[in-house]
Amino acid sequence: MDFFNIFIKAAFIDNLVLAYFLGMCSYLAVSKTVKTAFGLGLAVIFVLGITMPINWLINTYLLDGAINGLDLTFLRLILFIAVIASMVQLVEMVIEKISPALYNSLGIFLPLITVNCAILGGSLFMVAREYNFTESLAFGLGGGFGWFLAIIAIAAIREKIKYSDVPPALRGLGMAFILTGLMGIAFMSLMGIDPAALTGTK
Amino acid sequence: MSSFLDKVKSIEPDKKKSPFLHTLYDGFFTFLYAPDEVTKDGVHIRDGMDLKRTMVMVVLAMQLCYVFGSINIGHQHFAALGMYDSFVDGFHLKLAYGLMKLIPIFIVTHVVGLGIEFWYAAKKGHAIEEGFLVSGALIPLIMPPDIPLWWLAMAVAFAVIIGKEAFGGTGMNILNIALLARVFIFFAYPTTISGDEVWVAGLAGTEAGSPADYGWGVGFFNWIFEGMGLSTFDARATVVDGYTGATPLSLAFKGGWENVTAVYTPSQMWWGGIPGSIGETNKPFILVGAGLLIALGIASWRVMLSMLIGAAVCAMLLNVWGATPFMTVPWYYQFYMGSFFFAMAFMATDPVTAASTTRGKWIYGFLIGFIGMIIRVLNPAYPEGWMLAILLLNVFAPLIDHYVLEGNISRRLKQAAANSGNTTTPAPVTAEH
Chain R
1 MDFFNIFIKA
11 AFIDNLVLAY
21 FLGMCSYLAV
31 SKTVKTAFGL
41 GLAVIFVLGI
51 TMPINWLINT
61 YLLDGAINGL
71 DLTFLRLILF
81 IAVIASMVQL
91 VEMVIEKISP
101 ALYNSLGIFL
111 PLITVNCAIL
121 GGSLFMVARE
131 YNFTESLAFG
141 LGGGFGWFLA
151 IIAIAAIREK
161 IKYSDVPPAL
171 RGLGMAFILT
181 GLMGIAFMSL
191 MGIDPAALTG
201 TK
Chain D
1 MSSFLDKVKS
11 IEPDKKKSPF
21 LHTLYDGFFT
31 FLYAPDEVTK
41 DGVHIRDGMD
51 LKRTMVMVVL
61 AMQLCYVFGS
71 INIGHQHFAA
81 LGMYDSFVDG
91 FHLKLAYGLM
101 KLIPIFIVTH
111 VVGLGIEFWY
121 AAKKGHAIEE
131 GFLVSGALIP
141 LIMPPDIPLW
151 WLAMAVAFAV
161 IIGKEAFGGT
171 GMNILNIALL
181 ARVFIFFAYP
191 TTISGDEVWV
201 AGLAGTEAGS
211 PADYGWGVGF
221 FNWIFEGMGL
231 STFDARATVV
241 DGYTGATPLS
251 LAFKGGWENV
261 TAVYTPSQMW
271 WGGIPGSIGE
281 TNKPFILVGA
291 GLLIALGIAS
301 WRVMLSMLIG
311 AAVCAMLLNV
321 WGATPFMTVP
331 WYYQFYMGSF
341 FFAMAFMATD
351 PVTAASTTRG
361 KWIYGFLIGF
371 IGMIIRVLNP
381 AYPEGWMLAI
391 LLLNVFAPLI
401 DHYVLEGNIS
411 RRLKQAAANS
421 GNTTTPAPVT
431 AEH
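In the order they appear, the protein sequences are chains R and D.
Counting along the first sequence from 1, when you hit position 2 you're at 2 in this note's numbering, and nothing is skipped either side.
Counting along the second sequence from 1, when you hit position 9 you're at 9 in this note's numbering, and nothing is skipped either side.
Don't read these hints as lab results, they were simulated from the structure.
Among the hints, erroneous ones may be present.
20 Å max Cα-Cα, derived EDC-like pairs, lysine to aspartate or glutamate [as the list claims (entries may be wrong)]:
#	chain 1	residue 1	chain 2	residue 2
1	D	Lys-123	D	Asp-26
2	D	Lys-52	D	Asp-26
3	D	Lys-52	D	Glu-130
4	D	Lys-123	D	Asp-234
5	D	Lys-124	D	Asp-146
6	R	Lys-160	D	Glu-406
7	D	Lys-123	D	Asp-14
8	D	Lys-124	R	Asp-165
9	R	Lys-35	R	Glu-92
10	D	Lys-123	R	Glu-92
11	R	Lys-35	R	Glu-159
12	R	Lys-32	R	Asp-165
13	D	Lys-254	D	Asp-234
14	D	Lys-124	D	Asp-14
15	D	Lys-254	R	Asp-194
16	D	Lys-124	D	Glu-258
17	R	Lys-35	D	Glu-406
18	R	Lys-162	D	Glu-12
19	R	Lys-35	R	Glu-96
20	R	Lys-32	D	Glu-406
21	R	Lys-32	R	Asp-194
Pairwise CB distance ranges (calculated) [unchecked claim]:
#	chain 1	residue 1	chain 2	residue 2	range
22	D	Thr-191	R	Leu-90	48 to 54 Å
23	D	Leu-317	R	Glu-130	46 to 52 Å
24	D	Pro-351	R	Ala-128	43 to 49 Å
Partial list, derived from the structure: chain D residues whose beta carbon lies under 10 Å from chain R [what the hints assert, rightly or not]:
#	residue
25	Gly-171
26	Val-183
27	Phe-396
28	Asp-401
29	Tyr-403
The structure displayed is predicted, hence computed values, not measured ones.
Backbone N, C-alpha and C define an ideal beta-carbon position, used for all residues, glycine too.
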């Protein structure tokens, strides 16, 4: 049940984009069409879901005084980023092989997932909140799913308002920022629900 | 009649010289009369049912809520003071007091909203868009009666500028304008708006013994009523013992259904003699409006029905779960409390922000019902869920439509591929949605 709680909380209640405003760069840049947003969203779910457990293992069995009692936590950031970068490389190769069209439309933003702060942020949240292995897996998948939902929702809206008479000064990014704010309001609907308290697991 | 119309036409301001006056004139003229310009070439369908008429129909459907709401403001006020217990007792006082509260709210909403609308229309050089008629009629109904007017003005300005004009005006907005105004107040002043005190107007406080707090205008009404030999407002009246002003929802959250029925009877809740936002308490009158909208083909019955199903299913599941007192409230009684029917009839069905495909509407309505019930029952932060559930699904409506369309396209393509195998006739291209 803990797995489920953390998944729901990460996806809907503490959404990485709309509650913490993490990962905005690629969120704003790749959300012009649903198709590419869908692809990038899947890539983020995958990368978050893989890197968080790996980073948990590294953090627990290498850095946190596990080797001769040495405190290696100062290496945390650089190791986390190295793991993320290698995973992104993997995703990149897979996407290039499976769907060259998607690979081309994602362009530079695919390798840039490496520095997507939602992903590094996820790993750092994991450390700060002292998740265990399954919890960090749940948080990774849930956070990725929340990010995925947010980006395809805004992409569908941006496809729709392409035909609207938006004031010239606001076209493009301006509108994307306003939309993100409004979506943040809408997502506040679920904020405050505590799944753990409801199911009595905590 | 025609000479009168000619006279009216003769004062039409020139569009180039004074765009603002022209816009103003044009807006009111087409509001009152059908424009005499007809399409000149090509084949067009001509129908009196233009956007403005559609909007007016929606506004008409809400009128019963307005009438009831204004009386109920007064009724709740006197209920707190322990006077005029029956609904029809002191009717003139209740109506006068209700109108005294409702009319300023109505005027502020329209002056701010229409002012912005007119300004944009003049600036962009198009005719006034009628969109604000419906939003402007809805906003007063979903406000608590004791709302400070400057909050209201800010909320309306935010909703119209950010929610609508930034998106390019009427018909382009993603989120429901009226709900955006409400949610702005909700998040900007959370402590005041979610407590028990805002729902009853004209009291200095809800504790026993705190006096009635009448503003301007009461003296004027007292003078009239005295002249007619009727009872008058009494500023010395105080709140009775044991009065809380709590809405059924906040009672249910604390102690389940028994806690609610200790204060209000089910028929009281159904007929609306309870504290709440101005227009949402009386369920039968809302259903009359909803029936009118369905009969005229303006609102989608699919959204309403699926929303009802969604809420019922969710409430039944919560009954089965039954972990908190609120979850054990029988699912059919959930509809007696709060603003479910108002949200269903007038908010979720807004054709601009709802999903526009048939299958999309079913999904959209169902999810609003389901998520709204979750927010109402499970989320301690908010007393009621429909406002936020509808906004959330407004955000996802374009996505739902997108995938319904994609699904239709791929199904048609498959059909076409199968057809082209055995016949030579091309597959129909118009997608059914």
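### Message
Can you verify the interface hint for D:Val-183: is its Cβ closer than 10 Å to any Cβ in chain R?
### Response
6 Å, holds
### Task
Grab the minimum C-beta distance from D:Phe-396 to chain R and call the hint holds if it beats 10 Å, violated otherwise.
5 Å, holds
#### Entry: Distance restraint between R:Lys-160 and D:Glu-406, which requires alpha-carbon spacing of 20 Å or less
14 Å, holds
### Message
Just to be careful, I want the Cα atoms of D:Lys-123 and R:Glu-92 compared with a cutoff of 20 Å; is the pair within it?
### Response
Not OK: D:Lys-123 and R:Glu-92 at ~49 Å, beyond 20 Å, violated.
### Message
Check whether the Cα positions of D:Lys-123 and D:Asp-26 lie no farther apart than 20 Å.
### Response
14 Å, holds
### Task
Take a quick look at whether D:Lys-123 and D:Asp-234 sit within 20 Å of each other, Cα to Cα.
50 Å, violated
### Pairwise hint evaluation, R:Glu-159 against R:Lys-35, where the allowed Cα distance is 20 Å at most
11 Å, holds
### Query
Would the pair R:Lys-32 and R:Asp-165 pass a check requiring their Cα atoms to be no farther apart than 20 Å?
Within the cut-off at roughly 17 Å; holds.
### Query
At a threshold of 10 Å, is the proposed contact between D:Asp-401 and chain R supported by beta-carbon distances?
Check passed: Cβ of D:Asp-401 comes within 7 Å of chain R, closer than 10 Å.
### Message
Holds or violated: the 48 to 54 Å window for the beta-carbon distance between D:Thr-191 and R:Leu-90?
### Response
Hint holds: Cβ distance 49 Å, inside 48 to 54 Å.
### Message
Hint check: D:Lys-124 vs D:Asp-146, CA-CA at most 20 Å. Holds or violated?
### Response
Violated, because 36 Å separates the two Cα atoms, which is more than 20 Å.
### Task
Confirm or reject the claim that D:Pro-351 and R:Ala-128 have a C-beta distance inside 43 to 49 Å.
46 Å, holds
Violated hints, listed in ascending order, are 4, 5, 10, 13, 16, 18, 21 and 23; each of the other numbered hints is respected by the structure.
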